[in-house]
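Asker: Let's have the full structure, built from the sequences with the hints guiding it.
The lines below spell out each chain.
There are 2 protein chains.
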Amino acid sequence: MEEKKAFQDYYPELLSHCYGCGRLNEQGHQIKTRWDGEESVTTFLPESYHTAIPGFVYGGLLASLIDCHSTGTAAAAMYRSEGRSMDTEPAFRFVTGSLHVNYLRPTPVGVPLEIRGQVKEIKGKKVVITSSVTANGEVCATGEVVAVQMPDTMLPK
Amino acid sequence: MEEKKAFQDYYPELLSHCYGCGRLNEQGHQIKTRWDGEESVTTFLPESYHTAIPGFVYGGLLASLIDCHSTGTAAAAMYRSEGRSMDTEPAFRFVTGSLHVNYLRPTPVGVPLEIRGQVKEIKGKKVVITSSVTANGEVCATGEVVAVQMPDTMLPK
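Residue numbers (numbering that gives the first Met the number 0), protein chains in the order written: chain D, 0 to 156; chain C, 0 to 156.
Everything labelled a hint here was simulated from the structure, so no lab data went into it.
Warning: the hint list may mix true and false statements.
Treat identical chains as interchangeable: a pair holds within one or across any two.
Pairs of lysine to any residue, SDA-like flavour, derived with a Cα cap of 25 Å [as the list claims (entries may be wrong)]: (1) K125 with P53; (2) K122 with I52; (3) K119 with G109; (4) K4 with V94; (5) K119 with P107; (6) K4 with P53; (7) K125 with P105; (8) K4 with S47; (9) K125 with T141; (10) K122 with L103; (11) K122 with P105; (12) K122 with H99; (13) K125 with P107; (14) K124 with I52; (15) K4 with M85; (16) K125 with F55; (17) K124 with P11; (18) K3 with Y48; (19) K31 with P105; (20) K124 with V138; (21) K125 with M149; (22) K125 with P89; (23) K119 with E143; (24) K122 with D86; (25) K119 with S97; (26) K125 with N101.
Answerer: Written out as structure tokens, the structure reads:
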């Protein structure tokens, strides 16, 4: 059953300033990720200036979308694995341990991108998320992110 | 001997609209990369809103910097390998085949980041670049990019 609120809408206020996914970062991308069955989905329309070369989307943006999509999915997956909804305590928040992106073909600008994630592995404080970026029905990039629970030392004072 | 112009200053005009490194992309990062002996160097000061959580730099930005730093270094390395300066024809321009980033520690905001690249391998149309991102003298992330010569099909018409 799909939830209406996005994963990112449950992030605590102090942790909602991320340039990629923070709902309080006015300059940022503010991506929204939701479950679609066993997969997580983010839809994003790049800005006209997010170009690599004219006509194609900047690879760094794709990496950024994969990154935040995956850390969000990791958090949601941990709640699911505990049978808890995302508004219960303690809150899960993940940071990126490693990010890998394969660019398969040029990604066209001007169309919405769909990022789909799968939970590959949950092991202790670590969640591995694989994902794909699709434009016009074609997979343009794939990603794998190792997400780790945010250490307390990173919490804003 | 260090060159004064950056690698990106030699990119043909049509290929200078990249969000990460295009000198003609007014909304972009416009990074500048130069040789320092056998290594390539980019210095970049993130904006205040390029945050992951407050106080730390957004990982997607680091991935973006590593990406463009590496494709620029790949192009410069190909010229070097042919004993040519970057203002000679034919022009080399690289796109990213794959990007890998390891995040080693949180990257502080408010200080310049130094990205240093090494040419790991040149093989045909492919160049592998390894790199590190340093803040306050500490390596915060490392990267490996497989850069491939841009196919003609990507050239703007």
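Asker: Which hints from the list above does the structure break, by number from lowest to highest?
Answerer: Result: hints 3, 5, 8, 18 break, sorted rising.
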